[in-house]
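K.L.:
All chains, full assembly: derive it from the sequences and hints.
Chains A, B, C, D and E, in that order, give the protein sequences.
One point on numbering: in this note's numbering, the residue at position 44 of the first sequence is 44, and numbering is uninterrupted.
So the number in this note's numbering is just where the residue sits in the second sequence, counting from 1, plus 250.
So the number in this note's numbering is just where the residue sits in the third sequence, counting from 1, plus 522.
So the number in this note's numbering is just where the residue sits in the fourth sequence, counting from 1, plus 794.
So the number in this note's numbering is just where the residue sits in the fifth sequence, counting from 1, plus 1039.
Errors might be hidden in some of the hints.
Take a look, some chain A residues computed to stay more than 12 Å from chain E by CB distance [to be verified]:
1) Ile65
2) Val73
3) Ser245
Think about it this way: if two alpha-carbon atoms lie no more than 20 Å apart in a straight line, the pair counts; the simulated SDA-like pairs of lysine to any residue are [claimed, not checked]:
4) D:Lys1032 x C:Ala666
5) A:Lys241 x D:Ser875
6) E:Lys1143 x E:Val1210
7) A:Lys241 x B:Trp351
8) B:Lys486 x B:Pro496
No wet-lab data here; the hints were simulated from the structure.
Please read these numbers as outputs of a predicted model, since none were measured by experiment.
Just so it is clear, CB atoms sit at the ideal spot from N, CA and C, and this is done for glycine as well.
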Amino acid sequence: MKRATAIRLALIAAIVLALELLTRTGIIARFVAPPPSEMVAGLWRLLLSGRVQPAIAQTLGKIAIACASAIVVGSAVGVAVQRSRAVADAMAPFFTAYYAVPVYAFYPLMIAIFGVGEAPQVVIGFMLAVVAVVVNTINALDRIPRVLRKTAAVYGMSPLEAARRIYLPHAGPYLATGVKLAVSYSFIGVIGAEFIMSRVGIGHEIVFAYNNFENEIMYPLILFVLLVAGTVNGLFYAWEKRLLSRRSRS
Amino acid sequence: MNVAATDAAVHVGLRGVTRIFGTDPRTRVNALGPIDLDLRRGEFFAVVGPSGCGKSTLFDIVAGLSPATDGTATFEGRPLDGRTVPEGVGVVFQEDASFAWLTVADNVAFGIRRAGLGAAEVKRRVDDTLAFMGLRDFAAAYPAQLSGGMRQRVCIARTLVQRPRLILLDEPFGALDQQTRLIMGEELLKLWRETGATVLLITHALDEAAMLADRVGVMSARPGRIIDLVETPWGKDRDSRVVADPRFGEITARLWTRLRDESMSALSQKAG
Amino acid sequence: MNVAATDAAVHVGLRGVTRIFGTDPRTRVNALGPIDLDLRRGEFFAVVGPSGCGKSTLFDIVAGLSPATDGTATFEGRPLDGRTVPEGVGVVFQEDASFAWLTVADNVAFGIRRAGLGAAEVKRRVDDTLAFMGLRDFAAAYPAQLSGGMRQRVCIARTLVQRPRLILLDEPFGALDQQTRLIMGEELLKLWRETGATVLLITHALDEAAMLADRVGVMSARPGRIIDLVETPWGKDRDSRVVADPRFGEITARLWTRLRDESMSALSQKAG
Amino acid sequence: MTSARNNLLVILALIALWQLAYWAIGDLALRPPLDTLRKAAALIASEGFTAHLAETMRAFALALGIAVVVGVGLGFCLGMSRLAGEVGEPLLVSFYSLPKITLYPIVLLIFGIGMPSKIAFGALHGIMPIAIFTLGALRNLPPVLGRTSRALRLSRWQSAWTVLLPAARPEIFTGLRLGFSLTLIGTLLGEMFASQRGIGFLLMQAIGLHDTDLIMALTLLIVAFAITASMALLAVDKRLRHGAA
Amino acid sequence: EEIVVSNYGVSASGMPFAVAMEKGFFDGKVTGILSSQGGGTTVRNLLAGDIAYAEVSPIAVATAIRQGAALKIISNNVQTVSEFGWMVKTDSPIKTIADIKGRKLGYSSPRSVSQALAMLVVEKAGLKPSDVELVMTGGLGEALVALDLGAIDVAPATEPLLSKYREKYRVIATASELFPPMSNVVGVTTQAAAGKRGDFLRAIIAGRAKAVAFMKERPEEAAAIVAKVYKLEQPVALQAVRNLNDAKGALPYWSTGKFDLAGLKEMWRTQILVGAADGDIDWSRMIDESFLPEGERVLK
Ligand SMILES: Nc1ncnc2c1ncn2[C@@H]1O[C@H](COP(=O)(O)OP(=O)(O)OP(=O)(O)O)[C@@H](O)[C@H]1O
Ligand SMILES: Nc1ncnc2c1ncn2[C@@H]1O[C@H](COP(=O)(O)OP(=O)(O)OP(=O)(O)O)[C@@H](O)[C@H]1O
Ligand SMILES: [Mg+2]
Ligand SMILES: [Mg+2]
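P.N.:
Here is the structure:
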């Protein structure tokens, strides 16, 4: 574990260093990407200026709502669908094909349903994330040994109680994959939607900087998204490891 | 073949019980029966039989976990509906059913806490049961930190703490090596003596059945019927030393002979 | 305690073999040994021992799957490096290791096809082995269509078809019920007679060891050492009827006595 | 047989849901199923559509090939070594959280405009899910398979190819199904940045001209394609599983 | 050899390229026209794609040049924002821009031309910014949905969308009636290409100029070509071409390439107005007129 973290950090350092060299020597033109050191400095300045704080707060708030509701709704739907093997099997191809829907073509529809506020972005983040959670919940529940189902029956539990007290706790570590994907997809969904239809938010700031060739703003913001996503993923990764460590001989 | 018993003495009663899986005539499986069997109140009954003969199917019916296709099954005089496990019945499965996300103490407390017992009473009962099952030092451990045998003991403790009047065990020591099984068997005997509960033990180990049970039911190959009922001569205070008794050899030989043919026929069934 | 043997007769030689897991002094586990043991060419050797005593660890060292921490292990006079399984050694694990994506025939052919044998020769050998293992009718079936015992037979066949001079089996029948185990044991004996290979069988069933082996090694609780070597008096053409022999009872009683204490101490170790 | 029937039932349910949504929301940004189907048929028959389709399919096929090879390869590299997995997985997942549009300038820089960057963009979307699923599949394989490989004296490469890959196939297939959809959408996105034909180009044109008919028809075709592929992959997987549970 | 045109196949600004391609006015020098998302993407495509010519908004070019991109503006392709108009539901009480007081006026996205024009409309109507609520919809298609829903009262639209929906909604004003010329689209090249590819660039500008003239002379034939490339109904295409040909104003919508410095400055000013740009810029230093015909060079 410690060794892995060290190697990971070393790897990141190596990549950053390589980028620094490539940009400093001009192999990557400054117009395309500034050196990482300047990105970090830029991010620092940007945060100090206070200019992007509202955008960051907005975006992270939207991501949190999208992600949390995707996890809640996704596991509920997953539990419901998984109760019938036939239903789960019949829906399987549709769950994966769902990701081929060009969501961005349906912003008008989003507006028609959710109006012209910030709601559509949350909805898009939610919609991308929720299916990943559903699919994974089904996968995770499929692994529940029959004996635990029988145990629930022995206690005379209702399906709901069984899901809450036995199935979901048992599947916890396996649900982690779904949670990780939910984090990824709510980031992608919310920020992606902000590119197109938002007045505020990191996505909007990035796309504005992109169009204005303000690399010293764009890259720090991308870096910021990476850092936040990395931190959130890291937390979930640690949580998952803790769950798993309880369940394995050290 | 079934030994008659008076109504009050009958704890579990099976009459003409059968079980058929599936409805399509081409694929349906005649898994069990017909079975006529009475378990007497307070007796230790073991069932042996070849693989796939319907032991677990029988077990599920007695537990109230699944319905008989035909015939009637009663527990304490009331019919089992095949959907709910009646109060007073404790079930231990062959597989490890401990809750990996709970500590040993929380595992054991699970059922009685759900039943709404006060915290103090829960603690007292859990502590007693853990002590009895030799798990006191592991109250705060998680199942993964225990050996397979200890995890099985956790499941037994979780069942016992509810003080069932009928204890059902489906090959509970299947995952253990032979030596550990015998030691666990002794603990089970101790428990049975102290609680006075009726015990139904399903096993494939003939020596285990011969040593532990008052009566051993031998099942035929599928569809499983009771083809022999063997009464053992041991007293209530028996332990694993009975294996040295010459009658022990006789009993296991009788079981083995009954079963060898049945096993052969079960194996060829599987191949078919 | 080890029976001396001339060099040519020694198929596997272990001298002062130990195994320690981990390097951190606080967490490291002394799993095995020291072990001194010679397997004679063509003998059937069984190992019994309490759970967790290091049987599988010993198995891995003899197979060349993992290195000894100390001491030397040789196969046919050449040292084992602990990374490669030497040619001539066949390994069957406790778990089902059949390849679910291949038919039974392809499973069995897997090893020899890779070795570059001609198609006709592969077919001949596979057919022979399938016939021998009673799997001929299932050549085109997939493992999922077979019972657990038959799948284990597929794994054994996959190993045998390579004609190993040393066959290693780690509780190969662990997943089967007792009756089926004995039947499988007889097949194993037949096989051993016909191939003349050396067999090392790890098992926790004492009767199985007593019936099948020429010599039975009894291991102590962890770190496992050989605390007893029991020679059986059966001839090469033995089968499961030896269980009726009075000497069979003696042998199992001796094994059982040796093990009861060890099991107790293993159980309390686990608790510790 | 019954699974085909169930799939059909789901399709019917989805269409019913779609029709209901149309009745609820109206003509604004939605078209009813039947109209869309008609429009899609007309679109397929329309002149020049095959050129658009061929353009996208060429890019998509290549992108998918790359995504599969790189994704499975990456999954294997990280899945066969515990350390590599621990080092690599968090990096991969975090990187995957980045909206891919932010990477367009970099992709453009490396691959230039046109086909290569379209392919790269598609592959970029598909690699990660395939890698993550492959990694998970390998991690969950019973250890006895690895030991068996060694007992059969297989080299690392032989073991990966002849034992681990087939054994992990069911979960890898789930990754492939997801990867298929995401690579497809990635390729279309790539076409929306710069192209002169292709399905992505048509879609961009439809969005720009607020041509809801065309948007719906194109989406229907895209999704139908993804569903068909997903079903085909499922069917192949099922056949290869030979009745295992 | 390919060139890049922002929103080709969607935006009216690129129509002359469709005509020039179809009629062969480029003498076969141009093999394909890449449609690119506008603004930053087009400029990036130009720079990274080894491409010599792009049509893009002057704001994007000016910003890129300020950030150090080696670009030159070589032609002024669209000189007005005549493609813009504002529509209301047919039953709306709003008749002219004077009626928008207290109403909701839509625009596509922040710091876009549509936002700038929305603010100018308010100004033109003689109202204070606080008199009208400006609502962002994300895109122009989305604006129409929002209009239908009643989320906004007035929606912006551009040609050919404007012509397409003329029947469904009522146009209350067009930009050509309201605003002075503003240069909306320019042709650009990289400095490298400017040095080496003079003939090619001249051919493109000349071919495009020929197409602009053709569209004036033969609107029906031009509209037929546009209808095919832009996937429009013939009458809608014709209407769009006519509207833009006949838009009143000091300058035509499609220019042959001749620069209008005042229009460029005006465009920059609107961007400052919405906070998308700041400071002054010197357009003449970014412009290279050498690829225009002698007679069209107005700066020197
Ligand atoms: N749900 C089911 N549907 C169809 N057949 C079933 C079902 N459950 C059990 N069977 C079949 O019924 C027979 C009896 O099964 P059961 O599990 O009761 O056997 P068992 O005696 O417990 O075997 P084992 O010793 O292997 O545990 C088997 O042939 C099995 O395949
Ligand atoms: N990789 C390892 N790292 C640390 N400890 C190990 C490892 N492998 C085995 N051990 C420990 O070494 C001891 C011997 O293990 P081994 O698997 O050889 O026992 P065994 O005799 O085969 O037991 P069983 O009968 O349960 O199969 C056990 O205490 C086990 O926990
Ligand atoms: Mg059973
Ligand atoms: Mg072992």
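K.L.:
Now, for every hint given, state plainly whether the structure supports it.
P.N.:
Hint check:
no.: 1; hint: Ile65; verdict: holds (19 Å)
no.: 2; hint: Val73; verdict: holds (25 Å)
no.: 3; hint: Ser245; verdict: holds (46 Å)
no.: 4; hint: D:Lys1032 x C:Ala666; verdict: holds (13 Å)
no.: 5; hint: A:Lys241 x D:Ser875; verdict: holds (17 Å)
no.: 6; hint: E:Lys1143 x E:Val1210; verdict: holds (16 Å)
no.: 7; hint: A:Lys241 x B:Trp351; verdict: holds (13 Å)
no.: 8; hint: B:Lys486 x B:Pro496; verdict: holds (18 Å)
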